[in-house]
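Visitor: Listed below are the residues making up each chain.
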Amino acid sequence: MTQPAATTTPERRSVQRPIRAALGLVTGVVALLALSGCVPNNPTTEGDATATLALTVDSSADSCTVSAAEAPSGSLAFTITNSGDQVTEFYLLADDGLRIVGEVENIGPGITRDLVVQAKPGDYYTVCKPGMIGDGIGRTAFTVTDSGADLADSGDDAEAAAAAATNYVAYVKDQIEALVPATTAFLDAYRAGDDDTARSLYALTRASYERIEPVAESFGDLDPKIDFREADVEEGTEWTGWHRIEKDLWPPAAEDNNGEAYVPLTAAERAYFSDLLQADTGALNDAVHEADYTVSIDAISNGAIGLLDEVASGKITGEEEIWSHTDLWDFQANLEGARVAFEGVRDIVEPKDPELVAQIDEEFTALQSELAAYGSLDAGFVSYTELTTEQVKDLANGVNALSEPLSKLTAVLVG
Amino acid sequence: MNDTPASPKKGLSRRGLLSLAGAGVVGAGLGAGASYAVAAAAPGHSGAAASYPFFGEHQSGITTPAQDRLHFAAFDVDDISRDELAELLADWSYAASRMTSGLGAGGYGPASGPYDSPPDDTGEALDLPPSGLTITFGLGPSLFDDRFGLAGKRPAALIDLPHFPGDALIDALVGGDLCIQACSDDPQIAVHAIRNLSRIAFGRASIRWSQLGFGRTSSTTRAQTTPRNLFGFKDGTANMRAEDTDQVNSAIWAHSSEGPGWMAGGSYLVARKIRMTIETWDRSSLREQERVIGRTKGEGAPLSGGSEFTEPDFALAGRGDAPLIDPASHVKLAHPTNNDGASMLRRGYNFVDGNDDLGRLNAGLFFISFQRDPQTQYVPVQLSLAKNDAMNEYVRHVGSGIFAVPPGAREGSFVGAGLFG
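In the order they appear, the protein sequences are chains A and B.
Numbering-wise (full-length UniProt numbering), the first sequence opens with residue 1 and increments by one.
Numbering-wise (full-length UniProt numbering), the second sequence opens with residue 1 and increments by one.
If you are wondering where the hints come from, they were derived from the structure by calculation, not from laboratory data.
Mixed in with the good hints there might be a few duds.
[Said to hold, decoys possible] In silico SDA-like cross-links for lysine to any residue, where the CA-CA straight-line distance does not exceed 25 Å: (1) Lys387/B - Gly314/A; (2) Lys153/B - Ala168/B; (3) Lys387/B - Lys393/A; (4) Lys393/A - Gly166/B.
[Unchecked claim] Sample of chain B residues with no beta-carbon within 10 Å of chain A, all distances over it, derived: (5) Gln188; (6) Gly298; (7) Glu299; (8) Pro302; (9) Gly306; (10) Thr310; (11) Arg319.
Remember, it's a predicted structure, so these values are computed and weren't measured experimentally.
Ideal Cβ positions, reconstructed from N, Cα and C, are used throughout, including at glycine.
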């Protein structure tokens, strides 16, 4: 599972080209952001849209030397080398000397890292912060002249980001609030030995969890207890959670169980594992209801990406639900969760890169309709084992088609 | 030396057991060497003509500068006798000593010998130099069951590897009674070695699983540059080097004080076929990639700073007092300082076995390590990685094997001879 990145600085290896941008060739960029760093637009259309002016920054113990004091508006790539012996940071500040247009943090001594920004004409400051404290050193005026590049304005990112986080946290709470009673109902049936009912509730109940799986995984100790597969467990460690019960509800034949006859859990063992799952689900519910619980904006978009990675590495291969074969339920829930996360940041991304948003929209729709051919959460899906290799490959192709544009979302979002 | 090679197996065996002399001498005696481009290159040459001696204190292919290509094969031994097993190992050593010298597998060579007999070498290495070929033999745990009367001889260090969290082993890619690691700078030379050794074994042992590797992922000497794995990162920067004599002696070679005498000067090989889900890796951000590895992608410097060979500083913190090197990063979890000093000699290779049913490259790293005691060197490190490594999202262990690698053979003897004494 992709862990959300810890910070929100845009860093990306840029293709550093000759100083064509300086000649004013940055054209055709549909929408670029002025006052915050962001990576170049989708480079598939206009060749010069990604032409990037390369600048170097030397951050030493007592200076912050930028290779030029002036650059044309458009895509600027600052390559910062830390020649000092402390961890350093580099900032591009707006004309008030306060607002951060772009930043790179955590540059270890001797390390080189890029900051790529789309800069509008105007007055800026560059500053380094070796040791990461104080106001920094080497604060220098930096001027961006008008190259004629078409750089659109964007809305108020900070406000939009806060709103997106609020909405997403509400969604997470909503899912887990639904998960808690549904899990109880499932476990009640399982405890009582009503296996038919338990089996019928299993996949649908899990959907609430699968929609927000990256959030659950962000609480490092809970996901292993709730959702580990048998193979994930270390020897000598107790295997608990959904898949432990799954195996008991869909007991394997000996040849699928390392040659050993599967021993069904006793009523007492059923109660034991049920109690644990109920308690761990409750703990998850408590965790997201903590007063200070929030998510960062990049965690939302990385969560969308992570959910698709989950599909690609677990569900599409039938490894997640090896006993119940209900992988397509998980697939659907992952997809829905990813879509919600994406929709949550859409308004921030769209002005910056409408083509990317359109492409992601299109691929979401295509993959959803492809998956719908095999069922729905309400009506049920076909078992994973009923899919032909060709059908699985078609679904995998759809996952790849969506994941590629989706993987660009965070860089645009935080840019 | 007047046996006729009309029956290659028999002839080889007799020679193998009775006169494992220097291969060049044997070859010349049978008039086969002349058909090879380099009959017997001087040991230690670099480049295509490089050749390494087969006989010696240790087997070659361990501290030997890692060659560029690999063909590894694990074998199941057929229903044969203990003597026949010894004979097989002797035949293998004989052929290996010839091939590592740039000679044919058998005495006649691929284009000579009785016209009505199949050539005793398959021929694809004809006209090619030795290309640094090394052939390294290993003995798996299953060899020490009750079939060959070797049950009492199993070294304690030849453990059964435990289940590691996340293991997705495929039965067909696990275990083996015997293994051969053939390394060369020319893929055709490595394949030629396995092919001919496999042929020699027909009726006595057959390949259980095998692996081709196309790019070394470690350096084993200081002179070698650090290569890259299929994640695009330098791999093996912190690897032990042959020049680190003390470390090599203490970490790689088995000692007679702690195991059977016949293993003294040998080592233990762990092989793991690690599939990489490169499609999801490739669409992860540079930030995520460097976080997972703990090093920069370009230079390979630890994220705590410096250059490639700077020691990582796991305590150095950045913003929010979080360490610059993530505690779940690969470099942190694999580092000796986080594993009670455990280290091993890694000698792995990149592989791409075509694609899977879903159109994804079946690609990854064929991990090989040599160590004196897998229980204290390999197992704790892999356990720590399997539990916590941020990289686990992008890798899956699908194949596994552990083998005792006996010491090198003296001229006239064969690898593994001590087992039958």
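Visitor: Each hint should be assessed against the structure and marked as holding or not.
Guide: Okay, the hints, checked on the actual structure:
1. Lys387/B - Gly314/A: holds, 18 Å
2. Lys153/B - Ala168/B: Roughly 31 Å separates the two Cα atoms, so the pair is violated.
3. Lys387/B - Lys393/A: Violated - the C-alpha atoms of Lys393/A and Lys387/B are around 30 Å apart, more than 25 Å.
4. Lys393/A - Gly166/B: Answer holds: Lys393/A to Gly166/B is near 24 Å, not above 25 Å.
5. Gln188: holds, 33 Å
6. Gly298: violated, 7 Å
7. Glu299: violated, 8 Å
8. Pro302: For Pro302/B, whose nearest Cβ neighbour in chain A is about 7 Å away, the distance does not exceed 10 Å, so it is violated.
9. Gly306: Non-interface label on Gly306/B violated, nearest chain A Cβ at 5 Å vs cutoff 10 Å.
10. Thr310: violated, 7 Å
11. Arg319: violated, 5 Å
The structure shown violates the earlier hints numbered 2, 3, 6, 7, 8, 9, 10, 11.
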